[in-house]
Amino acid sequence: MNEATGESYSDLRDDVADVDKVLLRLYIAGQAPRSVRAMENLRRVCRDHLPGRYRVEVIDLLENPSLARRDEIVAVPTLVRTLPSPVRKIIGDLSDTERVLAGLQLASPEVAR
Amino acid sequence: MNEDERPERGEARRNASGLAGPLKAPTGITGFDEVTGGGVPRGRPTLVAGTAGSGKTLFGLEFLVRGIVEHGEPGVLLAFEESEDDLATNVASLGFDLPRLVEEGKLFIDCFRLDPADFLETGSFDLDGLFIRLASAVEAVGAKRVVLDTVEILLGALPDSSVVRSELGRLFRWLKDRGLTVVITGERGGGDELTRFGIEEYVSDCVVALDHRVRNGISTRRLRVVKYRGSVHGTNEYPFLVTADGIVVVPITSLGLTHEASHERVSTGVPALDAMLGGGVFRGSSVMVSGSAGTGKTSIAASMAHAACERGERVVFLSFEESPSQLARNMASIGLDLEGWSDRGLLVVHSVRPTAFGLEEHLAQVQRLVEQHDPSLVVLDAMASLGHVGSRDDTSSVVSRDLDLLKGRGITAVMTTLMHRQEEEVSQVDVSSLVDTWILLRNHESNGERNRLLFVIKSRGTAHSNQVREFVLSDTGPELVPVFLGPDGVLTGSSRAAQEAQERRDRQVEEAARRRRELEHRTRRAETEIESMRRVLQAERAELDQLLEAERSAHEQAGGRAEQARLRQGRGTRGVTP
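If you read the sequences in order, they're chains A and B. Under my numbering, think of the first position of the first sequence as 227, with each following residue one higher. Under my numbering, think of the first position of the second sequence as 5, with each following residue one higher.
No wet-lab data here; the hints were simulated from the structure. Errors might be hidden in some of the hints.
[As the list claims (entries may be wrong)] Take a look, some chain B residues computed to stay more than 12 angstroms from chain A by CB distance:
#, residue
1, 103
2, 131
3, 133
4, 167
5, 233
6, 467
[What the hints assert, rightly or not] Using C-beta positions, here's what the derived DEER-type ranges look like:
#, chain 1, residue 1, chain 2, residue 2, range
7, B, 239, A, 270, 27 to 37 angstroms
8, A, 312, B, 205, 30 to 40 angstroms
9, A, 312, B, 73, 19 to 29 angstroms
10, B, 56, A, 292, 52 to 62 angstroms
11, B, 356, A, 312, 44 to 54 angstroms
12, B, 87, A, 312, 42 to 52 angstroms
13, B, 205, A, 237, 41 to 51 angstroms
14, B, 375, A, 258, 28 to 38 angstroms
15, A, 237, B, 99, 29 to 39 angstroms
16, A, 278, B, 177, 39 to 49 angstroms
17, A, 258, B, 106, 51 to 61 angstroms
18, B, 56, A, 278, 14 to 24 angstroms
19, A, 233, B, 240, 57 to 67 angstroms
[To be verified] Covered stretches of chain A (in silico footprint by chain B; criterion: 3 or more residues with CB under 8 angstroms from a CB of chain B, positions within the stretch not fixed):
#, region
20, 240-250
21, 253-259
22, 273-282
23, 295-303
Backbone N, C-alpha and C define an ideal beta-carbon position, used for all residues, glycine too.
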């Protein structure tokens, strides 16, 4: 999403098949403690569980309120998995790693397939 | 109340009278603003709770649309149940063009699709997404009104309801702080609770309950103002309808008995009936024409409608039993050209089977027709048909509301009611105490005929005739003829005609007798005169005779004296003999 102004980071290896790539979008509200925690937790989850196959876009709703409508955001923080489809959403500061992985159905590449 | 005087945050609210009281934001919903004395509390949330399909969403939408169109207050709708397209489609039939208002930047619709599967909780969260979306929407259109429909869905969809509850508390504070007039809809719970999720705990200013019942196969929607802090409000259950013009709340007796009584009398179109009523019925009064089947109730009502049209006044004729063409044909047969008045736009005939709708629909229809056509006379023919729809009490209450509605606008109301048993001077719809004039029609059976009798049972403020008249439907309209009291009671129809003929003959005989008596009298008088003249003449003659007699005797005496003298002379001068 080009209109997103939030930071984005990724670790995508070229040899990873498209179906194994995970595109995530994290919606936060400024520097609220919950948002800061969510960003930290997501970085950790991606590093530990999705090496080489993720790209994360962080969207600050305080700066881009209209983007909240695009992904039907009500709760903050919300993490949206845009790929692989279908789109999945989980809410909260992502402190419960097991639930994050279960929610994103990303326990391992094999499971995702 | 001053519309421009928007309350600022934390500032004391004062109304026009200077007393502190909630400022109100008119909803524009027909009847609701009357019931609440001006609308919902301005700058505060109002909860509209109701069962499924009771019209909550429509209430909210109408509040927004009328706010924009009629009061220039832009609005935001947060829809949690329907998509924008669904909303637009659902209200397009009511003449609300949501897409246009959105395009003009006066309305902002944000639809929330909440899928519980999306709300897997992985740690603490809040509803900043909702706040941010709401804030940006309010800012985008400069909203003064907000509708949350139905925000409590969040409580069911999101995993941690304690978080949602505290977030909703924050939401309402946020809305109040911005002075937004808010309508929140809530789903009615199964038990006594007002809403399923107890959302009323956040709304302390105004709570409106909507209800949708189906009784005897007829659906009725009702509205009640459960609470309204700091404001007088009607506490009744008000029927309301979803009409082609949106929601119509039908205040039961919102007008009270303050209507101005007119002294002007209007003709019923039947001169003899006008005479019985002391010149006609008062303008703006209510007239009930009751009678059993086929007594001519509709004809009297049509005659009054006809008379009003002849005066150039507008009339609404609500027929619950006949179609407009049927009515026109039937009335044409007694010389009342209703079709002509319809063509000239003075008469509106509206036919509807009351069973097709509920009683409230009927009321709203009356209200709508009255607003559209501004008539001076409304005919409701026949009220008893309404009795098929609801209970007797319901019907009476509807009729009294009809009458209030019409009276309050100075419209003459004519309603016909059917009575099954003639003897019973109790109308099917028991509103006889409410009407000003009650005309009773009754069939009178005798000599193998049925004839119609007309009574004026009551007429307020009128020295009305206590006499019975025979009511005849001729091809020049209804007429009244005096009835005859025969040895067996009133005589009507052919017996009346026979009686009339008899009386005519009797009158002729009587006339002859009278003339004979007069002639005899005059003869006698003439004879008496002749007699007296004769006596005068006789007296004169007698007097004359007496006079002549006296003259003669006098003369004779004189002659005697002369003789004596001559005799005396003759003794002296004999020889002279005459």
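Verification of the hints:
1. With a minimum CB-CB distance of about 17 angstroms to chain A, residue 103/B clears the 12 angstroms threshold, and the non-interface call stands.
2. With a least CB separation of 6 angstroms from chain A, residue 131/B falls inside the 12 angstroms interface cut-off, contrary to its annotation.
3. With a least beta-carbon separation of about 4 angstroms from chain A, residue 133/B fails to lie farther than 12 angstroms from that chain, contradicting its non-interface assignment.
4. A beta-carbon of chain A comes within 12 angstroms of the beta-carbon of residue 167/B; the shortest separation is about 9 angstroms.
5. Chain A leaves residue 233/B outside its interface by the beta-carbon criterion, the shortest separation being 30 angstroms against a cut-off of 12 angstroms.
6. With a cut of 12 angstroms on Cβ distances, residue 467/B stays outside the contact zone with chain A, its closest approach being about 74 angstroms.
7. Taken as a hint, the range 27 to 37 angstroms is violated for the pair residue 239/B and residue 270/A, whose Cβ atoms sit roughly 60 angstroms apart.
8. The supplied range of 30 to 40 angstroms is met by residue 312/A and residue 205/B, whose beta-carbon atoms lie about 37 angstroms from each other.
9. The beta-carbon spacing between residue 312/A and residue 73/B, approximately 41 angstroms, falls outside the hinted interval of 19 to 29 angstroms.
10. Here the CB-CB span from residue 56/B to residue 292/A is close to 32 angstroms, at odds with the stated 52 to 62 angstroms.
11. A hinted range of 44 to 54 angstroms holds for the C-beta pair residue 356/B and residue 312/A, which are about 52 angstroms apart.
12. The supplied range of 42 to 52 angstroms is broken by residue 87/B and residue 312/A, whose beta-carbon atoms lie about 19 angstroms from each other.
13. At about 48 angstroms, the beta-carbon gap between residue 205/B and residue 237/A stays in the expected band of 41 to 51 angstroms.
14. Look at residue 375/B against residue 258/A: about 54 angstroms separates their beta carbons, and that is not inside 28 to 38 angstroms.
15. Checked against the hint of 29 to 39 angstroms, the C-beta distance between residue 237/A and residue 99/B comes to roughly 56 angstroms, which is inconsistent with it.
16. Hint check: residue 278/A to residue 177/B, Cβ distance near 47 angstroms, so the stated range 39 to 49 angstroms holds.
17. A C-beta distance of roughly 31 angstroms is found between residue 258/A and residue 106/B, which places it outside the suggested range of 51 to 61 angstroms.
18. A hinted range of 14 to 24 angstroms for the beta carbons of residue 56/B and residue 278/A is inconsistent with their spacing of about 51 angstroms.
19. Hint check: residue 233/A to residue 240/B, Cβ distance near 60 angstroms, so the stated range 57 to 67 angstroms holds.
20. Coverage of the region 240-250 of chain A by chain B is violated. Counting CB-CB distances below 8 angstroms, 0 residues qualify, and the rule asks for three or more.
21. Here the region 253-259 of chain A counts 3 residues with a CB under 8 angstroms from a CB of chain B, which clears the bar of 3, and the coverage holds.
22. Residue count for the region 273-282 of chain A with a Cβ under 8 angstroms from a Cβ of chain B: 0. That is fewer than the three needed, and the coverage hint is violated.
23. Residues of the region 295-303 of chain A lying with their CB closer than 8 angstroms to a CB of chain B number 7, which satisfies the three-residue condition for coverage.
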